Amino acid sequence: MKILFIGPMGAGKTTAITVVSDVPAVTTEALNNDLNMKAKATTTVAMDFGEINLGDGETIALYGIPGQKRFSFMWPILVEGAIGAILLLDGSADDSQEQLIIYLDAFFELAKRGMLVIGVGRLPDAPVKALEPYHDILRQRGLALPVLTADVRIRQSVLFLVESLIASAEVSQLLARDHL
Amino acid sequence: MSPTSPLRSICIKHLKSLSETLNGVRMAVISSTDGFPIAMLDIDLATGRKAAAMSAALDGLCKTIVAEFSLGTLEGTVLEYKEGLALCRQVRSEKLNLVLLVIVDDHVTYGHALWRIKSVAHDVSLSIERL
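Chains as they are written, first to last, in our numbering: chain A, 1 to 180; chain B, 1 to 131.
FYI, nobody ran anything at the bench for these hints, they're computed from the structure.
Any given hint could be a false lead.
From the derived model, a few chain B residues whose C-beta atoms are all more than 12 Å from chain A [to be verified]:
{"hint": "1", "residue": "6"}
{"hint": "2", "residue": "58"}
{"hint": "3", "residue": "64"}
{"hint": "4", "residue": "72"}
{"hint": "5", "residue": "127"}
Now the in silico label distances, taken between C-beta atoms and shown as ranges [stated by the list, open to error]:
{"hint": "6", "chain 1": "B", "residue 1": "111", "chain 2": "A", "residue 2": "177", "range": "56 to 62 Å"}
{"hint": "7", "chain 1": "B", "residue 1": "21", "chain 2": "A", "residue 2": "41", "range": "35 to 41 Å"}
{"hint": "8", "chain 1": "A", "residue 1": "80", "chain 2": "B", "residue 2": "107", "range": "33 to 39 Å"}
{"hint": "9", "chain 1": "A", "residue 1": "23", "chain 2": "B", "residue 2": "129", "range": "34 to 40 Å"}
{"hint": "10", "chain 1": "A", "residue 1": "80", "chain 2": "B", "residue 2": "68", "range": "20 to 26 Å"}
{"hint": "11", "chain 1": "B", "residue 1": "131", "chain 2": "A", "residue 2": "98", "range": "34 to 40 Å"}
{"hint": "12", "chain 1": "B", "residue 1": "78", "chain 2": "A", "residue 2": "41", "range": "40 to 46 Å"}
{"hint": "13", "chain 1": "B", "residue 1": "131", "chain 2": "A", "residue 2": "38", "range": "25 to 31 Å"}
{"hint": "14", "chain 1": "A", "residue 1": "154", "chain 2": "B", "residue 2": "130", "range": "44 to 50 Å"}
{"hint": "15", "chain 1": "B", "residue 1": "12", "chain 2": "A", "residue 2": "141", "range": "32 to 38 Å"}
Owing to the predicted nature of the structure, the values given are computational and were not obtained by experimental measurement.
Just so it is clear, CB atoms sit at the ideal spot from N, CA and C, and this is done for glycine as well.
The shape of chain B in the complex, shown without the other chains (with noise of 0.2 Å):
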């Protein structure tokens, strides 16, 4: 994806966004479905590529749990590790759907991210929407 695509620009905006209003965010990576990275923050090239997969791998993991046992539609996944949480968040929009990772350590409350990060989420669907 080039470095000046609307897309990539819109889903760059969201993630300064997020870590100018959530503290503790030490990473962020925003990648297609299929693993593709499309924009991160806090992180390098090589690490990113490997957040997208990764994300994509549990996004797609959880999704077939969801179906399987019939749990309606998977909204996002939460990792706990001792000094914080990994935060994996579908963005749903009629054109493409994305998948948002978030990792924050422990100076965040738990709910506080929840919330930020599902707004997140929703402001680039909306975004996307409007490309």
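Pulled out of the complex, with its shape left as it was, chain A reads as follows (with noise of 0.2 Å):
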């Protein structure tokens, strides 16, 4: 099984992976000189991968993309295969609500196949009421996806974010299993 860590730069795609990850972490991070983008040392160029082990043998693949849209053309090749996506927004960043916008387009098959998680960090004091700019635009698209608020720092939160994205497959499976 494979799921994608989506999301702007700096929104904490490879500390996810890589807090998560049963195994070390497998990154491509380079010198970030976009500083004005986001204030951090590093970015990812290519991918990250890591992987979750469910203990019977199985494994949950992790991909994460490179933000940036000079890096989009990473993104069709990494999304092949990929069950679903897990899309990382920084809440606190003025164009966070620009972001969703860009990736539901941007990961538009996922999204209206209901593969898609939201997980929203950095948040304010009132979480729940700063979510909803974020249910409003996926209403508009009519679309009906999760929209958690995520700490990507703290295992049991991406593993959260996790679980809703293989719970909203089963339900899609069963959902097409009902349709045969």
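Once you've looked at the hints, go ahead and assemble the two chains, each given alone in its own frame, into the complex.
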């Protein structure tokens, strides 16, 4: 099973994969020269990779995309074979709602099938209220996707996003079977 | 980056020298390791931007492969296509690291292309050190 972590630069994709992976995460970090975009030392230029072991020999492969638009040629390569994606957003960023729209458009096939879970981090004290604008955007687009608060530094928080996506996948499978 | 920046001027000078001493250069780009173009040869800006991002991604992925399998230090990557070669070379210096991507057609011999591109990467490194 393959799950993709998507979202803009600095949303925490590499951290999330590193925190949740049962094997040392593979990353492709380069020195970040675009400090206006995000003040952080390094940035992903190709992909991240990690694994969650489910205990019965089954594993979930975790792939992270490079978030900048200039690396968008990597996105269709990495989405190949993924059951779904976890979209991470930085709730403190001014453009986080714009970013939601950008990623909904870029990964429309997954969003349309309900195989997208949205995790919003760095939110103010009243996170439930803070999530409303994201729900509004989804409603305007006729999408019903889980929008959850997330702290990508905490393994349980990332695992919760992964579990939500897997639950969505199972529901989709059941619905598809009922239609047969 | 400013069109008149010293780094850009150095890189352009070396790319021109490459095209003068190596037949069949279709295009060349020097970029930052996070995918911004520094200098380009025989390529429009939009394609150059794309090439810079792709060479940085290729470089990043290859560096990770080398590190994961304890292969030492990455020097470069060679892609063979039907009518030529795409060579991605590390430009390392104390001050900053860059990536050189050169695409050559089949008018060039493999060994000569590798040698020239390695030399140019080395020359760019030396020039950066002197900045």
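key: Non-conforming hints, listed in increasing numerical order   = 2, 3, 12 and 15
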